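Chemist: One letter stands for each residue in the lines below.
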Amino acid sequence: MTEADWSGDGAAFIRAFLEEDDETLDKSVERLGTLRGVILMSSLLSVLLREKFGVSIALEKLSGYAKEIFLSLDQKPRRIVIERVLRTGAGHEGSLSGLSEDEILESTVAVLRWMCRESRDRNSDNSLLVDRAVRLARDGTIIG
Amino acid sequence: MSSESSADRSMLEAILDGDGRLWRQYSAAIPGERAFQIIGVATSAAVFRKWPQDPSLQAIVDYVAEIDRRFPAELPVARAVVESVIRGIFDEPELVDGTSSQDIIVAEILIIKSIGFDVLNSEAERNSYFDEVLAAVD
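These protein sequence lines map, in sequence, to chains A and B. Offset between the first sequence (1-based) and the working numbering: plus 1. Offset between the second sequence (1-based) and the working numbering: plus 166.
Calculated from the structure, these hints are not laboratory results. It cannot be assumed that every hint is accurate.
Here are the simulated lysine-lysine pairs, BS3-like style, with alpha carbons at most 30 Å apart [claimed, not checked]: (1) A/Lys53 - A/Lys68; (2) A/Lys28 - A/Lys77; (3) A/Lys68 - B/Lys216; (4) A/Lys62 - A/Lys77; (5) A/Lys53 - A/Lys77; (6) B/Lys216 - A/Lys62.
No experiment lies behind these values; they were computed from the predicted model shown.
Whenever a hint applies, use it, and build me the whole structure from the sequences.
Modeler: Structure representation (structure tokens):
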């Protein structure tokens, strides 16, 4: 994927996720492919968690946050899976071991939807979040 | 000892000794509900032996990773299920909601086996553990 693809389709994907623009999201996934979509979602999760909690996040804090998300959802994935998706986003290794791909994807989407809504209350402009998530997906690093 | 309690004890011994074939053979001789109940009580008793006081979440997570390392070929259930079962014994029983009873029982057996390896180091300790579990079920 070229630099232009990341900053074009990749950024469009992240922005569509943040803004719940499902039509653009579907088109972006079509162009990017599922694997890149998953990488971008994972990057967005890490960036949102870092924005909310900072660099180092205690397990207890993630557990409390998972419970908060779980209680707010109508369609409920397993609470422990939500917690483990959050742990993975926070960099805890092995958190998703043994879970099915479908369950991970379902929980990741649910968590991201919820976190994006929460983020919208804090940010009037998502440009910085989009840049950071794309950079993380592309380079594996977050700057700033 | 009645033949029923003898089968109960033999099933627990087979689980602790890691003899899957034997514990399945004994459990087949015990009514399903009772076997589930015994294994559930045995799991709680083992967990409380390892952690008489509430452990930190980090301690549980580290131990689940240890079970994963210890029995890599025998962890067909996710680490998440093992963790849910242990945490459920303390104060979050709803964590196992949505998990199949089959996955829960596999996780419980691994927990019993692993903690038994850690804390039941003599015949007397094993017997005391069996007595406690079977008394709680009867």
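Chemist: Determine for every hint whether it applies to the structure shown.
Modeler: For each hint, the structure was consulted:
Only pairs whose Cα atoms come within 30 Å are accepted, and lysine 53 of chain A paired with lysine 68 of chain A is accepted, the gap being roughly 16 Å. Between lysine 28 of chain A and lysine 77 of chain A the alpha-carbon distance is near 27 Å, which keeps this suggested pair within the 30 Å criterion. Taken as a hint, the lysine 68 of chain A and lysine 216 of chain B pair is honoured in the structure, with Cα atoms around 26 Å apart against an allowance of 30 Å. Between lysine 62 of chain A and lysine 77 of chain A, the direct Cα distance comes to roughly 20 Å. Compliance with the 30 Å bound is thereby established for this hinted pair.
With a C-alpha separation of about 23 Å, the suggested pairing of lysine 53 of chain A with lysine 77 of chain A holds against the 30 Å cut-off. The hinted pair formed by lysine 216 of chain B and lysine 62 of chain A meets the criterion: a straight-line CA distance of about 24 Å does not exceed 30 Å.
Every hint, counting from the list given before, is met by this structure.
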